[in-house]
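Colleague: Go by the hints and put chain B onto chain A.
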Amino acid sequence: MNHSLTILTLVPLVGGIIVAGLGAGRNNLVRGLSLFFSLIGLTGALCLWTHFNGTSGELQFQEKFPWAPHLGVDYFLGLDGLGLLMVMLTAMVTPLAILVSWSMNDRAHIYHALILWLQAGLFGTFTALNFFHWFMFWELGLIPAFFLIKLWGGPKRGPAATQFFIYTMVGSVALLLSFLAIWLATKTATEPGCFDFITLAGMAKSGLLTTKLQTAFFGCKNIGLIIFFGAFLGFAVKVPVVPFHTWLPAAYSEAPSAVTMLLTGVMSKMGVYGFLRILLPIFPEQIRHVLTPLLWLAVATIVLSACAAFAQRDLKRMIAYSSVNHLGYCLLAMFAAVGAATGVKDAAIQKAAALDGVMLQMFNHGLTASALFLFVALLEKRSGGLRGLEDFGGIRKVAPVFTGLMGIAIFSSLGLPGLNGFVGEFLVFKGVFPLAPWAAAIATIGLLVTAIFLLTLIQRVFCGPLNARWAQLPDLTTAERFLVLPSIILMFVLGVWPQLILGTIDATVVKLVEKITF
Amino acid sequence: MLAWTIYISFLGVLVLMLLPRDAARAARIVALFTAVLGCGLALVGAVQLAQQGNVGEAATIVKTAWIPALGATYYLAADGISLVLVVLTGLAAIAGILFSWNVEKRTKEFFAFYLALIGGVYGVFLSFDVLLLFVFYELTIIPKYFLIARWGSTRKEYGAMKLALYSFVGSHLVLIGLIAAWVVARGQLGHASLDLVELSKVAFPASFQHWVFPLVFIGFGILAGIWPFHTWAPTGHVAAPTAGSMLLAGVVMKLGAYGCLRVAMVMFPEGAHEWQWAIAALAVTGIIYGAGVALVQRDFKFVIGYSSVSHMGFVLLGLATLNTIGLDGAVLQMFSHGIIAGLLFAVVGRMVYDRTHTRDFNDLEKMNLGKLLPFAGVTFTIAGVASMGLPGFSGFVAEFQVLIGAWQVFPKMTMLAGVGIVVGVAYTLRALQKAFYSDTPPVAPDGHDHHDDHPLEPISTPERVGAVMLIAASLVIGLFPTLLMDWIEPCFKSALFARLLNGGGQ
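In the order they appear, the protein sequences are chains A and B.
Reminder that position 21 of the first sequence reads as 1 in this note's numbering, one-by-one numbering, no gaps.
Reminder that position 88 of the second sequence reads as 89 in this note's numbering, one-by-one numbering, no gaps.
Pulled out of the complex, with its shape left as it was, chain A reads as follows:
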């Protein structure tokens, strides 16, 4: 059997142990090794990419063998287009994060080990298909993130890390309880319950799951909804969905920038991934039942977070809120795609467009937001930690290359045609307009406000008279240019040739649409 996915997850896990074992004092070796392991991860992900058959929506590179038979738990790994895309994203962002923190010398061995473990947790989450070990990786990502914020973060790191952890744990416990209930409901006299995402999705499609839940819980009619809500909470905190987002600005702005890149670039995708892999296929009936409130939540997430970003005076917090905004589009498209869509022409095509948009948006946002945080990190390095909107001004005169490249990232985030951000948002709106016109209409306010605050950012930081304080601000060094270049190139490439990704996910999306249409 092919063990490529297990190996992919184990490389950073073992790498982290090796790096931590090196001990303090050998920082160059630590950095080199950790970069090496993350590059192995990248190479592995690229190999998977090339061997992946994009025309098939089936799970590939599958590994499946019994693990805890009395609990019905299999060790079950597999990749479809969605998983592959997320693995790629993780593999790309991690080396960047390691490079950004190259000059970090405080307990470097622990720091790099934690980053590698975080990567292992992410790889595991995106490849596991059985709740039991999927949940293990889901939680495994949390602990390194907590310590990275807690030990290397900004001045208010303690409360930020705690808030982040507790919020996520509340969601996780709700999610866990929901899945335990599902396990119980799918248990029969002879067979243990079911944790397999794929099998559960099959049961949900035939309506069997709801019936089973009702039978197991004394005929309680709304049990399906209660269980759905528990699972929803778990993912909603992670994405985050307004009003469960309050941990995010604090965590993102207090975390060291490399960690913020991973948090926003990849960890926030865990939530959206959870929606696509678990909530949509397993609870389509329940989502449809409460569709209107969910659409409202998505719209609120989009509009309110854009407005909140507009009100920020700290660059990191501003980009943090804009992250919430961007993932809000994913939520909107996902909920709209599950909707009944009665009387909509070519509903399946619109749904596919919306879901294509979601996956593109996930990847693009990972790429763009991590690049933006990277630029903020570079700026912070030059300004000695200052990152207020009003602290700069006229930077373009002394640092034209920096301005130009960050400008590209900002316009990508804004959704300028020709850059990657546009394609995702375009597909989202193309799909959502016919499916849920009113929600799409209100959500456009989000687009508008995003444009306003991003342009304000450009104006205040880069344009205007040069702030005398920064007259000596150095431009990007050659090494830094090479550091940001891959992301910038990808932004252009994906902007003009989105087929590169769409080709991989198309078949997966078609299958997903089948699963949620009944």
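No wet-lab data here; the hints were simulated from the structure.
Taking lysine to aspartate or glutamate pairs in the DMTMM-like style, the calculated list, with each CA pair at most 25 Å apart, reads: (1) A:Lys167 with A:Asp54; (2) A:Lys491 with A:Asp326; (3) A:Lys136 with B:Asp361; (4) B:Lys367 with B:Asp300; (5) A:Lys491 with A:Asp176; (6) B:Lys413 with A:Glu265; (7) A:Lys136 with B:Asp364; (8) B:Lys435 with A:Asp86; (9) B:Lys494 with B:Glu275; (10) B:Lys163 with B:Asp361; (11) A:Lys167 with B:Asp487; (12) B:Lys494 with A:Glu171; (13) B:Lys372 with B:Asp355; (14) A:Lys136 with B:Asp440; (15) A:Lys44 with B:Asp487; (16) A:Lys136 with B:Glu366; (17) A:Lys44 with B:Glu490; (18) A:Lys167 with B:Glu490; (19) A:Lys136 with A:Asp294; (20) A:Lys185 with A:Glu265; (21) A:Lys361 with A:Asp371.
All of these numbers come straight from a predicted model, not from anything done at the bench.
Modeller: Just chain B now, kept in the frame of chain A:
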């Protein structure tokens, strides 16, 4: 083979008593040797037994007449549940000795009491005669008392006395119940018997079970830290020396839970069904209350003490479910908590308190222990993560099954237990941050760093070995729960538990 775990421990006590008064080093080595031998015997015996056949059925080890007039026999036997707990005892015993390597005060007596306690615990887990079980159960109280009263800290006499009194009250409740059961059983069987297997087949009248079950269950439950009779636990744990608290939380609390399951529930299944809801309510209250109280403690050790109450709540909740998966979870949770609580107490008592001589968070916050004692910090982090019930560690698999079992019977209480888990995360994080990773600068306001005056002694090898052993045990079971589940699961398919699981009917 398994019976020798008991004899070896008491033999160790004898050897220790024969040692000269000040032979501290020899005493340590004898104790460690005895514990390792005991653990080895337990492991080998358990594996042998598991290979021989069905671990679900109690395999007789020794059975000879003891007090024929009472029907008491010297009856040692083991089924899968006993095996799990015997192995736990073996591991906890070794770890406890490794973490009390630095006991200098009357070392040989310390270890003599310690081994006597271990021997008693092995005895309880292997007894299939009710009277024998009770004798071993009582036997553990005496060494516990002396360990705390002599080698303890912080109000040790109070803690020791409270523990002893609670234990005695509990055992008297049990004794009353057992005497009553003996009388009824003799009437039915026509001869006196204290054999657990035989008693488990006696159809005690429902009206009798109605009052005798709570008596025996609460009697044992006191030692398991059932709310509201848990108050001995935090004070006892805090007062006890490190090895004492490790054993108290790790193993002795399991004696109570084991008694609840093995004696109360097996003998009085109808009573168990009747009182199921009450037990579950007490268990969930314990989970939430213990966690909530742990959240506001200033003393590091009290946090762990109350966390034990909370975690034992999961054991009791699992017992209250009266279905296979819940009971599986309860037994696994006994094992898991034994390992994890032992580790937590080891960090607090040995690694931190013995070096800093304070457990007050306000003092610890200023010390920056995460940098001074990185090994302790990492160990506590791992232990804390395991104790939160994060997947990958034994606690997760255990709580997981308890919660599935509970969903089946008490959905609402299960959600409340979920709240308990979240509070559990909160207190662990709080303790972790305050004790090890506080941001308060280590330098006092006058600019002088007081703590440099007494550099902390580095973490010793026995401590490292003990910590690694316990972490490994928790990880292995977390990743491969089948190892223990293969022992536990068949038990609940055996005749012994049939009545309990079949709705309590005759």
